[in-house]
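> Given only the sequences and the hints, what does the whole structure look like? Please build it.
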Amino acid sequence: MNDMQSAQPIIITDQVSIFYGEKRAIENANLKFYQNEIAALIGPSGCGKSTFLRSINRMNDFIATARTEGKVIVEEEDIYAASIDPVLVRRKVGMVFQKPNPFPKSIYDNVAWAPRKTGLPKSELNEIVENSLKKAALWEEVRDRLHQSALGLSGGQQQRLCIARAIAMQPKVLLMDEPCSALDPIATGRIEDLMRELQKDYTIVIVTHNMQQAARVSDKTVFFLNGKIIETGETREFFTRPKQVETENYITGKFG
Amino acid sequence: MRHTSKDFEDELDLLKETLLLMGGMIESMLKETEDALITNNAVTAAQVIERDSQLDQMEKRVDEQALQILALRQPAAADLRFVMASTKICTDLERMGDIIVNICERITELSRLKPIKPYEDLPRMMTLTSRMITQSIDAFLKLSLESVDLVLKSDDEIDDYYRKILGELTVLMKNDPANVDAGLKLTFIAKYLERMADHATNVAEQVVFMVKGLDIRHSGNPTPTP
Chain A
958 MNDMQSAQPI IITDQVSIFY GEKRAIENAN LKFYQNEIAA LIGPSGCGKS
1008 TFLRSINRMN DFIATARTEG KVIVEEEDIY AASIDPVLVR RKVGMVFQKP
1058 NPFPKSIYDN VAWAPRKTGL PKSELNEIVE NSLKKAALWE EVRDRLHQSA
1108 LGLSGGQQQR LCIARAIAMQ PKVLLMDEPC SALDPIATGR IEDLMRELQK
1158 DYTIVIVTHN MQQAARVSDK TVFFLNGKII ETGETREFFT RPKQVETENY
1208 ITGKFG
Chain B
316 MRHTSKDFED ELDLLKETLL LMGGMIESML KETEDALITN NAVTAAQVIE
366 RDSQLDQMEK RVDEQALQIL ALRQPAAADL RFVMASTKIC TDLERMGDII
416 VNICERITEL SRLKPIKPYE DLPRMMTLTS RMITQSIDAF LKLSLESVDL
466 VLKSDDEIDD YYRKILGELT VLMKNDPANV DAGLKLTFIA KYLERMADHA
516 TNVAEQVVFM VKGLDIRHSG NPTPTP
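Protein chains in written order, with our numbering: chain A, 958 to 1213; chain B, 316 to 541.
Don't read these hints as lab results, they were simulated from the structure. Be aware that one or more of the hints could be misleading.
[Said to hold, decoys possible] Okay, the calculated beta carbon distance ranges per label pair:
1. Leu382(B) x Pro1001(A): 26 to 32 Å
2. Gly1003(A) x Asp464(B): 41 to 47 Å
3. Arg317(B) x Gln965(A): 43 to 49 Å
4. Leu387(B) x Gly1003(A): 25 to 31 Å
[Stated by the list, open to error] With a straight-line cut-off of 16 Å between C-alpha atoms, the simulated EDC-like cross-links for lysine to aspartate or glutamate are:
5. Lys500(B) x Asp436(B)
6. Lys1211(A) x Asp325(B)
7. Lys527(B) x Glu1205(A)
8. Lys1211(A) x Asp328(B)
9. Lys346(B) x Glu365(B)
10. Lys1129(A) x Glu1154(A)
From the three backbone atoms N, C-alpha and C, an ideal C-beta is built for every residue, glycine too.
Now the structure itself:
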C-alpha cells in the first residue's frame, strides 16, 4: 500500500468463483484493492485475469453462460446483491478496453454521451467534457475540434478519449483491459503517464500481458494461473524477489 | 526449468561462462604468482602480468553481454539478480587481476634484493586467499550458500595473517634499516592479499543476493532488496 492509500479497501473480492457453463474460469479469488492504488493483473492467456476484471463491474453479465459465485464488494456494497442495478455499478466502476472503441460521433458527444443520459443541462455537460478531457490529458490536443468525428483521432488519442468517456461519469474505479496493446510505444508511454495522474483520483485495476508495463505502472501485482491467484505482492518486490516458484518461472519466461 | 526462449537461455549461459573463465584465470594466475614468490622468479611474475590484459577484455565482454540482456530481455527476479550480480562480480574479478599484477611487480623487485627472511606466513596467506577465491567462484557456479559461508569465515583469518606479517616485518625493519626495501615490498604484498580476500568476500556476498535477494554488504544484517 502506498502513502496515498487509505487503510480501507475500496474493492473486496471474497471467495469469487466464475464459471462459463460447467467450466470454472476463476476459483476462490480473494483480493483487496485500495483507494488510489494501481493494481496489475498478469498471467498467461486463458488464466482468467480478464474474466476476473470484468467481474468487478458486472461486465460478465453480458455473457449468457457466465455465472459468478462469492462476493464482489465495491465501497462496502455487494455489487451482485439482488437489489443492485448493474448500470449503476458500471457508473461507479468504469472500463477501458483493449482496442479504442469511440462511438462514431463527435469528440464532444463521446464524452458527453453518458452524462447526457442523466439529464444534465448543457452548461454542466460542457464542464464535464472539458474536465474529463483535461484529466485524460487530451484537452489541449482537441479543444479546437470538439465537434469533429472522434474517428479522426490517432489510436493513442482515441484510447485517451475512451478514458475521458469512462471518467465523465465520475467513477471511483477504472478497469483497464490491456489498454495499450493496440498502441505504439509513444502512445503507450502517454497512457502510462496518464494512469499515474489518474491514480490521484481513482483506483485502477489493469490487465496486461506486458510485464514491463505492470512493473512500471502498478503498485501491486497479482499473478493468475489456471484460474487461481498464485501470488499478490508489492510490485517492486514482485519483480525482483517473487515468493512463489510459479511466479518466478512466469516472470522469467520459464513458463510452459 | 529452462527458459522458453532458447536464445535467452543461451545468453545467460554465455554470461555465466565468461565469468567462470575470468574466475578460472584468476585462480591460475594466483597459483603461478605463489610459485613466483616462493622461487623468487621474476620471469614467471612477468608472464603472469602479461595475462592481465586478457582479463580486462573479459571484463568488457561481461559488461557488454549483461548490457545486451538488460536492453533486449528485460530480465526479472532471479535472472535480474544474476545479471546485476554478474556486473559487480566481474568488477571484483578484474580488480583481483590488477592486484595480482601489483603482487608480481613487487615479486620482480624483490628478486633483485637480498631476502630478509624465509617466507612462512606469506605463502600460507596466499594459499588461503587462493582457496577463498576458488570457494567464491564455486559459490557462484553452484549457487552454494555453504561455499559462501566458508569464504566469509576465512576473511577474519586473512586479517589475522595480515596483522601478524605486518608485525613481524615492522620488527625486522626497525632492527635493521637495510631490511626496509624488501620489508616494504613484502608488506605491500600482504596488503594486496588482504584486498584480494575482500574482493572474494564481495563475490560471495553477491551470491547471497543472487540466491536469496538479500543484500548482506557492509553489515551483518541482511536487508531485502529492494
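> Does each hint fit the structure? Answer for all of them.
Quick rundown of the hints versus the structure:
1. A hinted range of 26 to 32 Å for the beta carbons of Leu382(B) and Pro1001(A) is consistent with their spacing of about 29 Å.
2. Remark: the range hint 41 to 47 Å for Gly1003(A) to Asp464(B) is upheld by a beta-carbon distance near 44 Å.
3. A hinted range of 43 to 49 Å holds for the C-beta pair Arg317(B) and Gln965(A), which are about 44 Å apart.
4. For the pair Leu387(B) and Gly1003(A), the beta carbons lie near 27 Å from each other, so the given range of 25 to 31 Å is met.
5. Distance hint between Lys500(B) and Asp436(B) is fulfilled; the C-alpha atoms sit about 15 Å from each other, no more than 16 Å.
6. For the given pair, Lys1211(A) sits about 13 Å from Asp325(B) by alpha-carbon distance, which is consistent with the 16 Å threshold.
7. Taking the CA atoms of Lys527(B) and Glu1205(A), the gap is about 13 Å. The hint holds against a cut of 16 Å.
8. Pair hint Lys1211(A) plus Asp328(B) holds up; C-alpha atoms about 15 Å apart against a cutoff of 16 Å.
9. Note on Lys346(B) and Glu365(B): the hinted pairing holds, with a Cα-Cα distance of about 15 Å set against a maximum of 16 Å.
10. Straight-line distance between C-alpha atoms of Lys1129(A) and Glu1154(A) comes to about 14 Å, which keeps the hinted pair within the 16 Å bound.
When held up to the earlier numbered hints, the structure conflicts with none and fits them all.
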